[in-house]
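Residue numbers (numbering that gives the first Met the number 0), protein chains in the order written: chain X, 0 to 147; chain S, 0 to 70.
These are calculated hints, taken from the structure and not from any lab test.
Certain hints may be false.
As the list claims (entries may be wrong) - Some, not all, of what chain X presents toward chain S, calculated at C-beta under 7 Å:
| id | residue |
| --- | --- |
| 1 | Leu33 |
| 2 | Pro34 |
| 3 | Pro65 |
| 4 | Phe68 |
| 5 | Cys86 |
| 6 | Trp88 |
| 7 | Ala95 |
| 8 | Cys109 |
| 9 | Val114 |
| 10 | Leu130 |
| 11 | Pro136 |
We put the beta carbon where it would ideally sit given N, CA and C, even for glycine.
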Amino acid sequence: MDAFDLDVRRHVYFSVVANGRPPSTTETSEDFGLPEPEIADAYRRLHDAHALVLFPDTTDVWMANPFCFGPAPHRVMARGREWTGTCAWDALGIPAAFHGDGRIESECACCGDPVALEVSDGELVRGAALLVHILLPARRWWEDIGFT
Amino acid sequence: MVYLRSEEHLERWLDDNDWEPGATLSASKMNELSREWWGTRLDSDWRPRPPDESQAILERIGLTGEFWQLV
């Protein structure tokens, strides 16, 4: 991953933290003062490198893991904002990425009943008895990162 | 990767969907993994983590064996 792509990736993540959403390629091209196709190519390279995840056949950011920008049942309150985690792991990853506290509201995959977790000072102080299940072995996670 | 309320709910969920079981962690263990895995994600000098470093994180948490092999 070259320095330019790292810069673009950093810009996307910092924009996510600042604005709660990822920048479009148009917004990033304006911020960098570069043609939009150059930024779109960088987004695609970052997707191919698993540094971002784009919605299929677009340059719209679906995931800047652990942050998710599509529908998912894992809502995370952290750093004064509500976020979405793609999966159970990513949801816990949001307070971890912030090195801060967080509350997660989600559901039991079996019955749909609400479940709640809370991270304080890095420790899980609520929801510790819940289970997390991973269906696919690790080397298959990137076959379909939306289904693991 | 999903949350489940109990072993009973896990078994029912797998049966209902006709899925083979994968791996189950406590939410506490997943939080422990998350701290290590995601803790550098917002660093300004972030670089892609080589697979062997990611594998080492899993091993430090005690996640070893074929299921947890990244490559």
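Evaluated hints:
For X:Leu33, the shortest C-beta to C-beta distance to chain S is roughly 20 Å, which exceeds 7 Å, and the interface hint is violated. A distance limit of 7 Å between C-beta atoms decides the matter here; for X:Pro34 the minimum to chain S is near 25 Å, and the interface restraint is violated. The closest approach between the C-beta of X:Pro65 and any C-beta of chain S is roughly 5 Å, which is under the 7 Å cut-off, so the hint is satisfied. Checking X:Phe68 against chain S: minimum C-beta separation of about 15 Å lies over 7 Å; hint violated.
The restraint placing X:Cys86 at the interface with chain S holds, with a minimum CB-CB distance near 4 Å, inside the 7 Å limit. Against a cut-off of 7 Å between C-beta atoms, the interface hint on X:Trp88 holds, since the closest Cβ of chain S lies about 5 Å away. The closest approach between the C-beta of X:Ala95 and any C-beta of chain S is roughly 4 Å, which is under the 7 Å cut-off, so the hint is satisfied. Satisfaction of the interface hint for X:Cys109 is found here, the shortest Cβ-Cβ separation to chain S being roughly 4 Å, below the 7 Å cut-off.
Given hint, X:Val114 at the interface with chain S, holds; its Cβ is 5 Å from that chain's nearest Cβ, closer than 7 Å. Given hint, X:Leu130 at the interface with chain S, holds; its Cβ is 5 Å from that chain's nearest Cβ, closer than 7 Å. Annotation: X:Pro136 was flagged as interfacial toward chain S, and the flag holds, the nearest CB pair being 5 Å apart, inside 7 Å.
The structure fails to meet hints 1, 2 and 4 from the earlier list, while all remaining hints are met.
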